[in-house]
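Chain residues, written in single-letter form:
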Amino acid sequence: MTTDFESDLRAKMARITPTLPPGLAQEVVQSHRRHQQSRRKATRALMAVVPAVALVVGGAAVAAHRTGSASPAATHPAVLTADYVKKKVEGTLSSTNDIVEVTGNGFVFLHSAGSSINPVNYVVTSGTYAVTAWTDPVTGNLQTVIKSPTDVVTTWTTSHEVGEQVSQKSVTVDAATKTASISAGVLSPGELPASGYASPQQLKEALATGQLTITNKSAIDGQSAVDLHVRNVNGSTLDLWVNTRTFQLVKLVEPLTSAVTVTDYYHYLPRTKSLVDQVSTPQIPAGYRQVGTSK
Amino acid sequence: MDGEEPVATLEQFLAERGEPLLHTAILLAGSRAGGEDLLQSALERLVHRWKKIEGNPEGYVRTTLYNLAVDGWRRETSWRARLGLIATHDAVPDEATAVDDRDAIIRLLHQLPPRQRTVIVLRYWEDLTEAETAKAMGCRVGTVKATTSRALQRLRELSAPVDDPAPAQHAIELSALTSDPAGSPA
Chain A
1 MTTDFESDLR AKMARITPTL PPGLAQEVVQ SHRRHQQSRR KATRALMAVV
51 PAVALVVGGA AVAAHRTGSA SPAATHPAVL TADYVKKKVE GTLSSTNDIV
101 EVTGNGFVFL HSAGSSINPV NYVVTSGTYA VTAWTDPVTG NLQTVIKSPT
151 DVVTTWTTSH EVGEQVSQKS VTVDAATKTA SISAGVLSPG ELPASGYASP
201 QQLKEALATG QLTITNKSAI DGQSAVDLHV RNVNGSTLDL WVNTRTFQLV
251 KLVEPLTSAV TVTDYYHYLP RTKSLVDQVS TPQIPAGYRQ VGTSK
Chain B
1 MDGEEPVATL EQFLAERGEP LLHTAILLAG SRAGGEDLLQ SALERLVHRW
51 KKIEGNPEGY VRTTLYNLAV DGWRRETSWR ARLGLIATHD AVPDEATAVD
101 DRDAIIRLLH QLPPRQRTVI VLRYWEDLTE AETAKAMGCR VGTVKATTSR
151 ALQRLRELSA PVDDPAPAQH AIELSALTSD PAGSPA
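So the sequences go chain by chain: A and B.
The first sequence begins at 1 in our numbering and counts up one residue at a time.
The second sequence begins at 1 in our numbering and counts up one residue at a time.
A portion of the hints provided could be inaccurate.
[To be verified] Straight-line alpha carbon distances no greater than 20 Å define the calculated SDA-like cross-link-like pairs of lysine to any residue that follow: (1) B:Lys145 - B:Ala134; (2) A:Lys12 - B:His23; (3) A:Lys12 - B:Gln153; (4) B:Lys145 - A:Glu6; (5) B:Lys145 - B:Asn67.
[Unchecked claim] Here's a subset of chain A near chain B, in silico, CB distances under 10 Å, partners left out: (6) Leu9; (7) Lys12; (8) Arg15; (9) Ile16; (10) Pro18; (11) Thr19; (12) Leu24; (13) Glu27; (14) Val28; (15) His32; (16) Arg33; (17) Tyr265.
By construction, these hints were calculated from the structure, which means they are not laboratory data.
Just so it is clear, CB atoms sit at the ideal spot from N, CA and C, and this is done for glycine as well.
Construct the complete structure from the given sequences, taking the supplied hints into account.
This is the structure:
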């Protein structure tokens, strides 16, 4: 027997008007290919000992990047054009082996989070929380710390490639409830491992498809930086503040709505053993109760 | 599909069946952007198994949508979800979206755990029987009945927001980060 409530539910579900995003088929096939390539790339990264990237612009090698720090760039044009900065940024995005520290205040999480193996739904209001994430680009290991006035939640996430699949494990420690939860499983095809920062692939896509302009110049954390303004085809914008010497991303600004803007600051920390251990090894304080374990 | 150009074949398939599939995906995901990502993920699986699927792939895509939804599927991690580099704009509804009453049901469904949301969509949108729903979700009929009952009860409790299209910005305490409402069995 169908109740009025159930009938009303059906009617409301029928009122949704789905509109397929343009280019979905193309995106599906490209995303599938990217996923296959990223898995191969991850395997290569794990095997790399001392990666070095030579970036060639205009036929000349203009920068080299080694583990630990970015090399000073060679001569740059007197006026940095958007196209020049774009090429330099693309070259540095995936070449660092430093631990990437991303910090932000006034973060807004208004949607669900977590992967298929760590499906945590939460919504966080603006301005209350401070988030710091450390990502090891070599291993993909990630540590995030989210602080509120009353709580500190720390999560460690590690990913491993096993044959055709990527397994991921998360350990979350909540200081307020003195609990620790562990989840582990295999990512769905196409699902990307957790990341503490805008991935090189994401940024490259934004740079490839957006309209780019250099709009500003300023000092960010004491570094000379220019603002590479990206206007996407859907009208959204992104400001990538880039160090004018190393061309590493130092600040990312993204207006989500007229009232909400996300701002991330990027730091590149030397790859010390203690920092690598901090990012990769969960620390569960004594006396914490384990909850919500899943596989 | 073997031997055909994947993009052209997918485009044709989506032209014919894309919107109904997206409709279901939006309900299953509990958001429009989530629905698009969920459908994309299911289509990627389709491409992955391209050569092994014979005939109409819709059944495979639907089954994949159900399975991913039951698993509490999320394409993005918290950090990725914040970035508009991947479409997430209805994660933060603008004023127009927030007042669009047609989407009130989406916001309502979003507040259900994935298994409850899935069972509601399968039973009341896909019109599957309890037995068919149980098969699709890989559980017993009794579980479907119990989950449906709990989901309907929860929807009744939440039904006020359906008639009140206020922005669905329901703040949850940070401690909820360590709970597992989406993944816990319904």
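Which of the listed hints are not met by the structure? 17
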